[in-house]
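The hints should help you fit chain P onto chain A, whose structure is shown.
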Amino acid sequence: MSMVYDEYGRPFIILKEQQAKNRVKGLEAQKSNILAAKSVSSVLRTSLGPKGMDKMLVDPDGDVTITNDGATILERMEVQHQVAKLLVELSQSQDNEIGDGTTGVVVLAGALLAQAEKLLDRGIHPVRVAEGYEAACKVALDTLGKIGDTVEFTKDNTEPLVTTAETTLNSKIINVNRRKMAEIAVNAVLSVADLDRKDVNFDMIKMEGKPGGRLEDTELVQGIVLDKEMSHPQMSKTIKDVKCALLTCPFEPPKPKTKHKLDITSKEAYDKLYEHEQAYFTKMIQQVKDSGANLVICQWGFDDEANHLLLQNKLPAIRWVGGVELELIAIATGARIIPRFSELSADKLGSCGQVREIAFGTTKEKMVVIEDCKNSSAVTCVVRGGNKMIVDEAKRSLHDAMCVVRNLVKDNRVVYGGGSAEIACSMAVSKHADSVMGTDQYAIRAFADALDDIPLALAENCGLSPIEELANVKSKQLAENNPFLGVDCNQSGTNNMKEQGVFETLIGKQQQLLLATQVVKMVLKIDDVISMGQYQ
Amino acid sequence: MEQAYMEQGTQMDKGDNARMSSFVGAIAIADLVKTTLGPKGMDKILQRVSQQDQSISVTNDGATILKAVNIDNPAAKVLVDIAKVQDDEVGDGTTSVAVFCGELLREAEKLIAQRIHPQTICKGWRLARDAARKALEEHARDNAANEEKFRDDLFNIARTTLSSKLLTHDKDYFSNLAVDAVMRLKKSGNLDYIQIIKKAGGQLRDSYLESGFIMDKKIGIGQPKRIENARILIANTSMDTDKIKIYGSRVRVDAMSKVAEIEEAEKDKMRGKCKKIIDHGINVFVNRQLIYNFPEQIFAEAGIMSIEHADFDGVEHLAAVTGGEVASTFDHPELVDLGKCDLIEEVMIGEDKVIRFSGCASGEACTIVLRGASNHLLDEAERSLHDALCVLTQTVKETRTICGGGCTEVLMAQAVDNEAPSIPGKKALAMEAFARALRQMPTIVADNGGYDSAELVTQLRAAHAAGNDSYGLDMYNGKIGCMDELGVRESFKSKLQVLLSASEAAEMILRVDDIIKCAPRQREGH
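Those protein sequences? They're chains A and P, same order as listed. According to our numbering, the first sequence holds residues 1 to 536 in order. According to our numbering, the second sequence holds residues 1001 to 1526 in order.
For reference, chain A alone in the conformation it holds in the complex:
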């Protein structure tokens, strides 16, 4: 109770404004937190696996998103409950770190909490549960390391990468063209990857979506695609051997930051001002021309007069190019971004083989493609599809696939999917449990049960009978001592995930276990929730 009485029996208030505050304590707090977390994870549960379903999200403005990506669903769901928010962040951190397995991590956390709830009911202290989970997690991670396999790939043999990317894409709507999409993802990553340093710079991969056409029209462009057009309709649409100037200053008379006023009091002054103004434009264009540029890419807009002068001087220009895109072009073409006209010089120009403008469909939608860049590694995925939602979802899915490929480039160890890794871990953990003294044993065993939940959910989503399937696979794994056996989601006739070619990255899976355990520990340790009242 937050109200106590002093020695004279007068009420003594510790926490102010009792009515406005919401407070839950002790076991009740843990229970309500677990319930909230479980509800969130139950939303995602049906999205897990190759046969997982999608969610349709309507945002406050009525726009529709259809997606299968755990992080996206949670982000757009507008979750309010504090602990539920933790899960949202959990999937986001998985997204940032690994880029894939965002659904799995939430489902696992939900399962861990559900198991913890049972233990709490039996009177085990939350901290003991948390510690047990911690120990179990360590065992599971070791097991993952043991059953992990390495895939060898080179720039010429990308097959293992493509297969892994395919596994990721399997659960998405674009799985009709998963082979093609996976190849796009792999090629994109490999063209920017530095295999010696095992580093992938994602900034060099750009995604552009354009509704229309078909999913299989999606392509990888070796270069940069800008969703812009030339500033003047009559500028040339194709430029060869481009020298481009990247400007972050507008083609307009400068606006000094100091507040000033210029008073014109006579005819002479007026005339002079006019001349001065004209001189500005000619000077700006002259400077660009003198530097030897034949393409101007500008972050800001142009004045009509400047625009025409550019045309007249045969200087094609693109205006209103965003800062991020400008930087990307700078990296790709080896240009320096120029903040002032006075700093324009030939050595700051970027170069590339060709720039061209392309048009789509019957409307006048245009895009500018910058190709054959000096630093040829920048690539753009142009995603096409029947409608806006598909294009958006395809973009998200491709991003996931690329993340997975990147992770493989960084660390080429994999585990097998289809729940096989979880089952193997679960068996190892429960074996370990028997050797542990004290109440921790229960917690460790609960962890093993929670791990089983992933293959269960997979089987459930595939329309198999979950418990039967899990029991089969488990006994098979034990009998054959083969950790590659998992749930046969695609009904292809074999449980061996190695044969089916269902890979997941080892770091992805490890991260899932680590993050989920961490969050669960955190939730368990909360025994008092005080929410501030609304500001009046």
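Rather than coming from a laboratory, the hints here were simulated on the basis of the structure. Any given hint could turn out to be false.
Said to hold, decoys possible - Listed next, the in silico BS3-like pairs over lysine-lysine satisfying Cα-Cα at most 30 angstroms (straight line):
id: 1; chain 1: P; residue 1: Lys1217; chain 2: P; residue 2: Lys1273
id: 2; chain 1: A; residue 1: Lys272; chain 2: P; residue 2: Lys1269
id: 3; chain 1: A; residue 1: Lys259; chain 2: P; residue 2: Lys1258
id: 4; chain 1: P; residue 1: Lys1267; chain 2: A; residue 2: Lys272
id: 5; chain 1: A; residue 1: Lys314; chain 2: P; residue 2: Lys1276
id: 6; chain 1: P; residue 1: Lys1269; chain 2: A; residue 2: Lys259
id: 7; chain 1: A; residue 1: Lys237; chain 2: P; residue 2: Lys1397
id: 8; chain 1: P; residue 1: Lys1397; chain 2: A; residue 2: Lys228
id: 9; chain 1: A; residue 1: Lys395; chain 2: P; residue 2: Lys1397
id: 10; chain 1: P; residue 1: Lys1258; chain 2: A; residue 2: Lys261
id: 11; chain 1: P; residue 1: Lys1397; chain 2: A; residue 2: Lys180
id: 12; chain 1: A; residue 1: Lys314; chain 2: A; residue 2: Lys240
id: 13; chain 1: A; residue 1: Lys289; chain 2: P; residue 2: Lys1276
id: 14; chain 1: P; residue 1: Lys1198; chain 2: P; residue 2: Lys1217
id: 15; chain 1: P; residue 1: Lys1269; chain 2: A; residue 2: Lys314
id: 16; chain 1: A; residue 1: Lys395; chain 2: P; residue 2: Lys1067
id: 17; chain 1: P; residue 1: Lys1014; chain 2: A; residue 2: Lys38
id: 18; chain 1: P; residue 1: Lys1014; chain 2: P; residue 2: Lys1084
id: 19; chain 1: P; residue 1: Lys1110; chain 2: P; residue 2: Lys1014
id: 20; chain 1: A; residue 1: Lys180; chain 2: P; residue 2: Lys1427
id: 21; chain 1: A; residue 1: Lys118; chain 2: P; residue 2: Lys1014
id: 22; chain 1: A; residue 1: Lys395; chain 2: P; residue 2: Lys1084
id: 23; chain 1: P; residue 1: Lys1267; chain 2: P; residue 2: Lys1225
id: 24; chain 1: A; residue 1: Lys366; chain 2: A; residue 2: Lys289
id: 25; chain 1: P; residue 1: Lys1353; chain 2: P; residue 2: Lys1217
id: 26; chain 1: A; residue 1: Lys267; chain 2: P; residue 2: Lys1258
id: 27; chain 1: P; residue 1: Lys1218; chain 2: P; residue 2: Lys1199
id: 28; chain 1: A; residue 1: Lys237; chain 2: P; residue 2: Lys1340
id: 29; chain 1: P; residue 1: Lys1275; chain 2: A; residue 2: Lys267
id: 30; chain 1: A; residue 1: Lys240; chain 2: A; residue 2: Lys283
id: 31; chain 1: A; residue 1: Lys180; chain 2: A; residue 2: Lys374
id: 32; chain 1: A; residue 1: Lys395; chain 2: P; residue 2: Lys1427
id: 33; chain 1: P; residue 1: Lys1273; chain 2: A; residue 2: Lys261
Leaving out everything else, chain P in the frame of chain A:
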């Protein structure tokens, strides 16, 4: 309890409820536009709801209808979106794509009621779609090599597109018009060169194709009304007093005489500008912005025709057509490309004066002048003609064509049906459903024509089974007939796009098992 963790006002539909709401929404949208399908389809009146503007438009164009409808159902929005994309991409088949998607979902609803998992249905649909696509590609015909035949194809496509629209009575006339216009473009397919001008009055048949460019503007007062061998300067510049563009400057004077001086300076500046323009050696000046009286008078004195306030599109068209550039500075006459054409004159269309540029440098340009009894009629005629032009330009690029009149749908359905028995498992049921949905398309067309659809479609199916794979619905006689003889053709690209994007969208809707609706944003002042 379920929703305690969500933001207030958030709605969540799960499982069957979510699916139900998607089906209901999507099917409702499909039913809405269903009656406009086919040559005997009906039109819709759209009336705006806002207090100030209650204008109406009458249309048969699926995309136009769908864009105008206010929708709250997320699945319905997907349908609207695919219709829009179809409109942008091909320009025609907007109704078909929405209706086909709706029919697919209607079939899916039945399958779900039989406890077949949505993912299984998707799988079956994909197999079916591939089979259908193969059949479509096999039956496509490419006449690009033979110019005469290709023209016939284009003509037939235009006729088929127009037959479902308002222009159906004069479809031969308009088809010729559209084909002529597109053929002028040669292969460039740039619709910018075709301009459509609407003038109320007269009848639809009075519409004509004008070679050259027509601008619905007036020539300045006291200036020549007819100019031969015109040299045109096309500009985008302000012809009132120029703003001073240097930041922070303002005029401040201390005596009336100074005001007069400045005014004089302003005038001088404008006079200088006009002189520079005249020095280009031009006899026609077209500006995107207004031309004030003062410069207009200067031009009149110099014997130059000036046209003011030609809107942005007009200026761009004119620039493209006459080969001039859009200029904004006038210091270097030698660098500016002037537009050229043989003759500029003021002509009358109905009661209105317009300016005609004929004999332009680029022979691709032409203008279609539409005449008609009312503005609504003209708007709809423009939309229909635009559809036809879009399809034609797309066909010029992708030259394959296929039979219309429900022929291809039945053909694809047959291909899917042939494939289905060889597929084991529940997927086959989904494939059959796909075929049924395909066959629904001619059924709806026949229904809209008031014919016995069941009878006709089964006859059609029998004809196809007997090997007459060019048979389709003859909507004028209410029987089936050979589409080749009747000349009902459609563009391959349009049909393929309908097939793919409708099934893609249907699949997308079907895969959803949760709908989470955030609380609508509170807007101020409503």
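Structure-based check of all given hints:
1. Lys1217/P / Lys1273/P: 23 angstroms, holds
2. Lys272/A / Lys1269/P: 11 angstroms, holds
3. Lys259/A / Lys1258/P: 26 angstroms, holds
4. Lys1267/P / Lys272/A: At roughly 15 angstroms apart (the allowed maximum being 30 angstroms), lysine 272/A and lysine 1267/P satisfy the hint.
5. Lys314/A / Lys1276/P: 21 angstroms, holds
6. Lys1269/P / Lys259/A: 28 angstroms, holds
7. Lys237/A / Lys1397/P: Within the cut-off at roughly 20 angstroms; holds.
8. Lys1397/P / Lys228/A: Between lysine 1397/P and lysine 228/A the Cα gap is close to 24 angstroms, so the pair holds against 30 angstroms.
9. Lys395/A / Lys1397/P: 28 angstroms, holds
10. Lys1258/P / Lys261/A: Given that 30 angstroms is the threshold and the Cα spacing comes to 19 angstroms, the pair holds.
11. Lys1397/P / Lys180/A: 25 angstroms, holds
12. Lys314/A / Lys240/A: 13 angstroms, holds
13. Lys289/A / Lys1276/P: With a Cα-Cα distance of about 24 angstroms, the restraint between lysine 289/A and lysine 1276/P holds, given a limit of 30 angstroms.
14. Lys1198/P / Lys1217/P: 13 angstroms, holds
15. Lys1269/P / Lys314/A: Within the cut-off at roughly 27 angstroms; holds.
16. Lys395/A / Lys1067/P: 25 angstroms, holds
17. Lys1014/P / Lys38/A: Between lysine 1014/P and lysine 38/A the Cα gap is close to 16 angstroms, so the pair holds against 30 angstroms.
18. Lys1014/P / Lys1084/P: 28 angstroms, holds
19. Lys1110/P / Lys1014/P: 19 angstroms, holds
20. Lys180/A / Lys1427/P: Given that 30 angstroms is the threshold and the Cα spacing comes to 24 angstroms, the pair holds.
21. Lys118/A / Lys1014/P: 26 angstroms, holds
22. Lys395/A / Lys1084/P: 20 angstroms, holds
23. Lys1267/P / Lys1225/P: Holds - the C-alpha atoms of lysine 1225/P and lysine 1267/P are around 27 angstroms apart, at most 30 angstroms.
24. Lys366/A / Lys289/A: 26 angstroms, holds
25. Lys1353/P / Lys1217/P: With Cα atoms ~8 angstroms apart, lysine 1353/P and lysine 1217/P stay inside 30 angstroms; holds.
26. Lys267/A / Lys1258/P: The given pair, whose Cα atoms are some 7 angstroms apart, holds under the 30 angstroms limit.
27. Lys1218/P / Lys1199/P: 15 angstroms, holds
28. Lys237/A / Lys1340/P: 22 angstroms, holds
29. Lys1275/P / Lys267/A: Status holds; Cα separation ~20 angstroms.
30. Lys240/A / Lys283/A: With Cα atoms ~26 angstroms apart, lysine 240/A and lysine 283/A stay inside 30 angstroms; holds.
31. Lys180/A / Lys374/A: Roughly 27 angstroms separates the two Cα atoms, so the pair holds.
32. Lys395/A / Lys1427/P: Holds: lysine 395/A and lysine 1427/P sit about 28 angstroms apart, inside 30 angstroms.
33. Lys1273/P / Lys261/A: With a Cα-Cα distance of about 27 angstroms, the restraint between lysine 1273/P and lysine 261/A holds, given a limit of 30 angstroms.
Checked against the numbered hints listed earlier, the structure breaks none of them; every hint is satisfied.
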